[in-house]
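Number of protein chains: 2
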Amino acid sequence: MAERITKRETDYSKWYTDIIIQGKLADYSPVKGCMVIRPTGYALWEKIQKYLDDMFKETGHVNAYFPLFIPESFMEKEAEHVKGFSPECAVVTHGGGAKLEENLYVRPTSETIIWSMYKKWIMSYRDLPILINQWANVVRWEMRTRLFLRTTEFLWQEGHTAHATYEEAEEETLKILEVYRKFAEDYMAIPVLIGKKSESEKFAGAKHTYCIEAMMQDKKALQSGTSHNLGQNFAKAFDVKFQDKDGSRKLVWATSWGVSTRLVGALIMVHSDDNGLVLPPKMATNQIVIIPIWKSDDQKEKVLNLADNIKKDLCQDCSVILDDRDQYKPGYKYSEWELQGIPLRIEIGPRDVENNQVVIVRRDTREKIFVPVIELRNKINNLLVVMQKEMLDKAKAMREEFTFMINDYNEFKKVIDEPGGFLYSHWCGSVECERKVKDDTKATIRLIPFEKKKEKGTCLVCGEKSEGRVVFGKAY
Amino acid sequence: MAERITKRETDYSKWYTDIIIQGKLADYSPVKGCMVIRPTGYALWEKIQKYLDDMFKETGHVNAYFPLFIPESFMEKEAEHVKGFSPECAVVTHGGGAKLEENLYVRPTSETIIWSMYKKWIMSYRDLPILINQWANVVRWEMRTRLFLRTTEFLWQEGHTAHATYEEAEEETLKILEVYRKFAEDYMAIPVLIGKKSESEKFAGAKHTYCIEAMMQDKKALQSGTSHNLGQNFAKAFDVKFQDKDGSRKLVWATSWGVSTRLVGALIMVHSDDNGLVLPPKMATNQIVIIPIWKSDDQKEKVLNLADNIKKDLCQDCSVILDDRDQYKPGYKYSEWELQGIPLRIEIGPRDVENNQVVIVRRDTREKIFVPVIELRNKINNLLVVMQKEMLDKAKAMREEFTFMINDYNEFKKVIDEPGGFLYSHWCGSVECERKVKDDTKATIRLIPFEKKKEKGTCLVCGEKSEGRVVFGKAY
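Protein chains in written order, with the working numbering: chain A, 15 to 490; chain B, 15 to 490.
A portion of the hints provided could be inaccurate.
Each pair may be met inside one copy or between any two copies, as identical chains are not told apart.
When the alpha-carbon atoms are kept at most 20 Å apart in a straight line, the in silico SDA-like pairs for lysine to any residue are as follows [what the hints assert, rightly or not]: (1) Lys64 x Gln148; (2) Lys97 x Glu86; (3) Lys325 x Glu389; (4) Lys61 x Gln171; (5) Lys64 x Val76; (6) Lys189 x Glu199; (7) Lys134 x Gln36; (8) Lys133 x Pro53; (9) Lys71 x Cys332; (10) Lys64 x Thr299; (11) Lys64 x Pro53.
Simulated from the structure, these hints should not be mistaken for lab results.
In this text, all values refer to a predicted model and were calculated from it rather than measured experimentally.
Throw the hints in and build the complete structure from the sequences for me.
Here you go:
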């Protein structure tokens, strides 16, 4: 607690790093580009895993595990895929003391190794669909890394499904997009836009890519999850066919989808403040800390007595910590728990014991609320629900504030720099105009919204006609 | 189901592989020595993870994640460690399209990378103990691999703790050994011996290693988990000291401990039979399958009606499947579910509906039990408990049957080959005698038991005096 966290307005990027390092969420490792996820940060990833894994299983998916290594020749089988991923791979050339006959790539993603297995497993329409997910580590050699947001090694889940028809694959792609949206909003309290990526931004090897995109407090966009309809590209590359009911042999349809430890970065960036982490109740390991305050031994006994009783019966689905450490003053404890982002703090002093009340402090608003002990249980349960909702609302309000409809390219260039945000503009659909915007402003098309306004317009850059607006933003 | 499983007495090794491949627990991958863990097999690993993770957390441990890659120079810091692991490492020499300045080893275990971080995190006695566990993949280049038992890449958990005193570290090492023993016996129904490894068999870099050892059905031993007291070896290698209460600076004490996907192999080998997998109820994803039997549509309606009602209210903590597929006959379904190891099968036919009874078949004993519907719920809950216990008892009885006290080396050589098993013999403690036994018979010292019989004796090989018997066996 010795160091101060840099304020967001002073240096947003340093603020983010301070929260992580001082909050002991993660640390830099001696391996270039790789981070260590410390227990406090890993607990957030465990929450993400638990909720998402349940949602995957509820929608019929099962987990499996495929090898870390991918033979070089496999990567080369799908043309777009190898072009996209090969330059950023780590390559194993030696094993067991000898040079390998064929180099092995450390998986940057697992489509190729998985589809080589699907070829063995899929014979007939009876073997479909396959709805497999994998929790794993992947490696993509990154030049500029940032804790959680972009690291050479990261943890993720990757779903890989196989279907008999295009329609089924498309349905799966959209079903998972909805799982991601629901998880982001209902659990992480992060509002997301959903839509389709442009051709330049889609996954290397996909037919098309859907995504969820969130706005961070610096108004930059963070791609937070992607769901790809892979068409028959990998089935073609690995010659995976099935015998259909009518006896004919057909190529299999595929999807893949993933979210990563990057979500922990999003959680930090969307909600935290200059005092540290702020967590929505559903993502916190502990929802409540009770801090007893005393000066004399006599006071201590009474205060701890009440604190103990309160702790025992506070709420059903939440975890409560009683911080009765002797060696630290209350003020120190407040700062420490604020840094850790614990949603609610209950302060109990000698006067509170007399008045049979306590003080609750909300981490997100820092509002102080005096509550009679008898009403505490109800109040707490209610506050946790309210807080979960209001944190989402607050993030949504910020996103609305920095969402602009822009028709003029000069105005676009100004607004994207100051104040920044999500800019809805018309685009003709050409790669050239998309690239010009990127070169001029660093903004990219974050997504083509589903609820694309059906208004006709003219392209921001070239003036050609456009069928609807797309969302531009600067991205992490 | 088309293929038959090879009988154990025909070819034990092929039997094991048949169970795995035909039961779709795992498959060979195109990457040398690496396996694919299929959903049915991975579900067993998820059970192991869930139970153990809860036990680790109950004993104060937290999870974290450290990098997959270890710089070559780090491996070299602990002399024994590098000697033991370096020859079996996979080495990354290229990343992001360029040759690396320093080679990176894919972790064979994480002591070195973790202790380089502990150096940053440990300043004072207040920072101790650190009780961290990691769920991860590791790679050890293996020449001869076997599904689950020995693969180049495998999944495991590795605990790495740091302590202020030797005594604390030793207490931790033994605490985890007890967690492993309890988990193996109470959940996996696998009886284990506990004890200490000889110097030749201990972990490369440890002061001493404790282990749990189980007997498979072919009477071979499987090392199923290890817990190492690392002394101050890694603290010395990475110069990790803490300031103690008295102001002096001291080297930190360490432990590490792990179990891996090898446990899935143990689970298969200990309990399964010539019809497929046999699972103790606590390890099965589904405990019960209901198989309705009918010939006419009229029968079908009545049978399914009863099956549905039974399914709804069968038991609290277990999962029930109703296999009402039309296209398969009951006999086919029986074989299929037997192969999958589901603990209890309930058969319901038209005559059972009339008599208001059902037939339960236990997977382990294949015993048929007629039960009135009204008693079903109680009977099921009772059977699951009994079966869990009896499977452990049966494995224990087999181990007892093939445990021998051997004093004569000629007899030893005979018994270790036929019938095989755990041989308790006197050993003088010398590496030479240990090696001679291995060279002559392929048997190794599996462990030095804690409850070492305090009887004096003379070494099996050299006749020198011995303080107690150790356990010899042939091992996987």
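Go through the copies and call it for lysine 133 and proline 53: within, between, both or neither, with a Cα cutoff of 20 Å. between (40 Å within a copy, 16 Å between copies)
How do lysine 64 and glutamine 148 come out at 20 Å by Cα distance, when the copy is not named: within, between, both, or neither? This pair counts as both: shortest intra-copy Cα distance 13 Å, inter-copy 16 Å.
Using 20 Å as the alpha carbon limit, work out where lysine 97 and glutamate 86 are close: within a copy, between copies, both or neither. within (13 Å within a copy, 30 Å between copies)
How do lysine 71 and cysteine 332 come out at 20 Å by Cα distance, when the copy is not named: within, between, both, or neither? Cα proximity of lysine 71 and cysteine 332: across copies only (17 Å, versus 24 Å in one copy).
Have a look at lysine 61 and glutamine 171 and pick one of within, between, both or neither, based on CA distance no larger than 20 Å. The answer is both: 13 Å in one copy and 19 Å across copies each meet 20 Å.
Copy assignment of lysine 64 with valine 76, given that the CA separation must stay at most 20 Å: Classified as both; 14 Å inside a copy, 16 Å across copies.
For lysine 325 and glutamate 389, with the copy left unspecified, which applies at a CA distance of at most 20 Å: within, between, both, or neither? within (14 Å within a copy, 42 Å between copies)
One pair to classify: lysine 134 and glutamine 36, alpha carbons no more than 20 Å apart. Within, between, both, or neither? Between copies only: 13 Å across chains, 49 Å inside a chain, cut-off 20 Å.
Given a CA cutoff of 20 Å, do lysine 189 and glutamate 199 count as a within-copy pair, a between-copy pair, both, or neither? Within one copy only: 16 Å inside, 41 Å across.
Please sort lysine 64 with threonine 299 into within, between, both or neither, judging by C-alpha distance up to 20 Å. Both, since 12 Å and 17 Å are each at most 20 Å.
Since the copies are identical, ignore which copy is meant and state whether lysine 64 and proline 53 lie within 20 Å (CA to CA) inside a copy, between copies, both or neither. Result: close both inside a copy and across copies, 16 Å intra and 18 Å inter.
Checked against the numbered hints above, the structure violates none of them.
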